[in-house]
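Colleague: Residues per chain, in single letters:
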Amino acid sequence: MTTVGDLAQAPPAFSTEGLSCYYGEKPAFLDVDLEVATGEITALIGPSGCGKTSFLNTLNRLTDLIAGCRVEGRIRLFGRDLHGLDVNPVELRRQVGMIFQRPSPFPLSIRRNLELPLREHGVKDRQERESRLEQALREVGLWREVKDRLSAPALDLSGGQQQRLCIARALVLRPEVILFDEPCSALDPLSSGVVEDLIASFRGRYTVVIVTHNLAQARRIADTTAFFWMVDGVGRLIEHAKTEILFQNPRNPLTRSYVDGARG
Amino acid sequence: MNGANLYASGFGRTRGDVLLSGAVYAAVAAVVGLSGWLLYDLLSHGLGPLSMTFLTAEVEASGRAGGIAPILLSTLLILTVCLLSAVPLGLASAIWLSEYADLSRGLGRAVHHSLDVLAGVPSIVFGLFGNAFFCVYLGLGFSILSGGLTLACMVLPIFIREAEEGLRAVPQSYRLSAAALGFSQTRTLFSILLPAALPGILVGLVLGVGRALAETAALIFTSGYVTRTPESLLDSGRSLSIHIYDLSMNVPGGEANAYASALVLVALLVVINTTASWASARFGLVRRAI
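As given, the protein sequences belong to chains A and B, one line each in that order. Using our numbering, read the first sequence as starting at 1 and increasing by one per residue. Using our numbering, read the second sequence as starting at 1001 and increasing by one per residue.
The following block holds chain A by itself, in its conformation from the complex:
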C-alpha cells in the first residue's frame, strides 16, 4: 500500500493502525493504516464487498452493535484511542455523525426528528433547541422548504429532502466529523446533486469521510481518495492519495485499472 506523507499539516482527525474487522471468523478488511486529515473530505472507493462500509462503521464504533463483529488494531480520533476505557460511545457518536445510504428519518414530525437527539444529549433549554434546529436546517438548505410545516411527518418529505433532514439531524449535535455511507446512491440525480454540493460545502468546517461508488463524485468533491480492493477475498486498502493524483497518476496498477474502468 502507498501512503502520502505530505497530506496534512494539522493533526489527523482519524488515524488507524493495523485496523482489521471480522464478522465471526471472516475478515471484512485487514490491516488498514489510514489517516483522515482534519477539515478535508476523504472518499473511500472500491468495488462492493471490499470493506469500505465496515471500515466506516468502525470509525463511530457502530460495529459494536453488530453481533459477532470484532475489530482489531487501533483507531485514534484526534489522537485519542477510540477503544480506550475512557471513551463513551454516546459522546463519540455526538462528535462523529453518520449518514446512511437510505434516508432514515424517524417516523416522527420534522421537528421531533431534530429535537430527540438534542434532548438525548441534554440540551434542556427550549430556546437553545429551537435555534440549533433552525441553524441545522438552514445549513442543509431545508429551512425555507420546511419552516412552515415543522410538525408535518418527516416521511412526507421527498427522498432528497429526507436525506438532508438526516444530515441536519446529525448537525444539530455539532459534530466534528461526519461519516457518509453512499449518501446519494438512493436518490434521484437532481437530489443527488443537491446533497453532493452540500457535502462539498462542508470542507473546512467538518471532517468528512464518504463511501461512494460514484468515481466521478469522489473526483469532484474529495480532497484525498482511498482505494479499497479485494485481495484473496479480503478487503485491503490499496492506495490513499490526493484525489487528482489517485485518479491521474496512481502508483498502484490495480488503482489505475479500477479508476480507468478496466476493473471492478
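To be clear, the hints were calculated from the coordinates, so they are not data collected in a lab. Ideal Cβ placement from N, Cα and C applies to all residues, glycine included. Certain hints may be false.
[What the hints assert, rightly or not] Pulled from the structure, derived: some chain B residues nowhere near chain A, Cβ distances all over 12 Å:
#, residue
1, Gly-1033
2, Leu-1084
3, Ala-1132
4, Glu-1165
5, Tyr-1174
6, Leu-1176
7, Met-1249
8, Val-1251
9, Glu-1255
10, Leu-1263
[Unchecked claim] Partial list, computed: chain A residues near chain B (C-beta under 8 Å):
#, residue
11, Asn-60
12, Leu-62
13, Leu-65
14, Val-90
15, Phe-100
16, Phe-106
17, Arg-169
[To be verified] Distance ranges between label pairs, derived from CB positions:
#, chain 1, residue 1, chain 2, residue 2, range
18, B, Ala-1214, A, Gly-84, 53 to 63 Å
19, B, Leu-1089, A, Gln-95, 38 to 48 Å
20, A, Pro-47, B, Gly-1016, 42 to 52 Å
Knowing the structure of chain A, use the given hints to seat chain B on it.
Modeller: Chain B in isolation, oriented as in the chain A frame:
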C-alpha cells in the same frame, strides 16, 4: 389495492378462469353469509330483551329474568386484572425477545418454543393449572383475582408473540440511526421502537382480550360461576361467557337472555377493537413509503 388486479378485464379468460372466479366468489359469499347469518341471528333474538335495565339489573331466577349487572362487573374486573398483569409482563418479554435475546440458541430459543407451545394449549388446561396454582397453592380461592391471573397466563403467549413481531417489523435503520446519534437503549426503545411497534402491540392486545372475553373453561375452575355482585377481587364472580353458557345449557327458558348477553359480549368486543384502532392511529407512528 394497488397495481394489477388478477380479475381486471385485461386478462384473457378461459373456461378454467371462469370456474376459478366462480369458486372464489362462492367462497367469499359463504364467509360473508355465515357471519351475516350469525349477526342476524344474534340481533333478531338478542335485541328484544336488551334494554338499559338489562344492563343495570341484578340477575333473577338463574338469569331467566332480571339483568346482567353483576356479570358485567365481574367480566370487566377479570379483564382488568388480566390486562394489568399481562401487558407489562408481556411487553417486557417481547422487548427481551426482539431486542436482547439470541433466538437461535439458549434461553431465547427455549422461551420462543415454550410460547409457541403455550399458545396452542387448550384453555381447560390453563383452567386446571390456574385452579391448582392460584386458587389452591396461593390460596386465592375461587376469585376474580384467580380468574384474571389465569386468563393472563393464557393471553400472554399470544400477546408476547404479536408484540414481538411488531417490534421486529420496525426497520433496522431506525435502530442504527438512533445508535449513530448516540441514543441510549432506553431512549431508542421508548421514543422510537415502542411507538413504531404500537400497531402490532395493539393487535396482540385485541387478540388477547378477545381470547379472554370468550373464555369459559378456564374461568369455571378459577373465578367461579356465582351470579352475585363481587365486592372485592377475592370474591368469586361469573363472566359473561360463562353466563351465556349456563343460560343456554342449564337454564330452561334462558335462551332469550343468553342471546341478549351474547349481544353485549359482541358489542364489548367491537368497542375494544375500535378503541384499539383509534389508539393505533392516534398514538402510533405513521409509516409511509419513501
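Colleague: Now tell me, hint by hint, if it's right for this structure.
Modeller: Right, here's what the structure says about each hint:
1. Gly-1033: holds, 40 Å
2. Leu-1084: holds, 29 Å
3. Ala-1132: holds, 41 Å
4. Glu-1165: holds, 18 Å
5. Tyr-1174: violated, 6 Å
6. Leu-1176: Incorrect as stated: the minimum Cβ-Cβ distance to chain A is 7 Å, not above 12 Å.
7. Met-1249: Given that every Cβ of chain A is farther than 12 Å from that of Met-1249 (chain B), nearest at about 50 Å, it holds.
8. Val-1251: Non-interface label stands for Val-1251 (chain B): nearest chain A Cβ at 53 Å, farther than 12 Å.
9. Glu-1255: Holds, because the least Cβ-Cβ distance between Glu-1255 (chain B) and chain A comes to about 50 Å, which exceeds 12 Å.
10. Leu-1263: At about 39 Å from chain A, Leu-1263 (chain B) clears the 12 Å cut-off, so the statement holds.
11. Asn-60: holds, 6 Å
12. Leu-62: At about 6 Å, which falls below the 8 Å cut-off, the nearest Cβ of chain B leaves the hint on Leu-62 (chain A) intact, so it holds.
13. Leu-65: Interface hint status for Leu-65 (chain A): holds (6 Å vs cutoff 8 Å).
14. Val-90: Status holds, d = 4 Å.
15. Phe-100: OK, holds: Phe-100 (chain A) within 8 Å of chain B, min 7 Å.
16. Phe-106: holds, 6 Å
17. Arg-169: holds, 7 Å
18. B:Ala-1214 <-> A:Gly-84: 53 to 63 Å: holds, 59 Å
19. B:Leu-1089 <-> A:Gln-95: 38 to 48 Å: holds, 39 Å
20. A:Pro-47 <-> B:Gly-1016: 42 to 52 Å: holds, 49 Å
In summary, the structure is inconsistent with hints 5 and 6 from the numbered list given earlier, while agreeing with the others.
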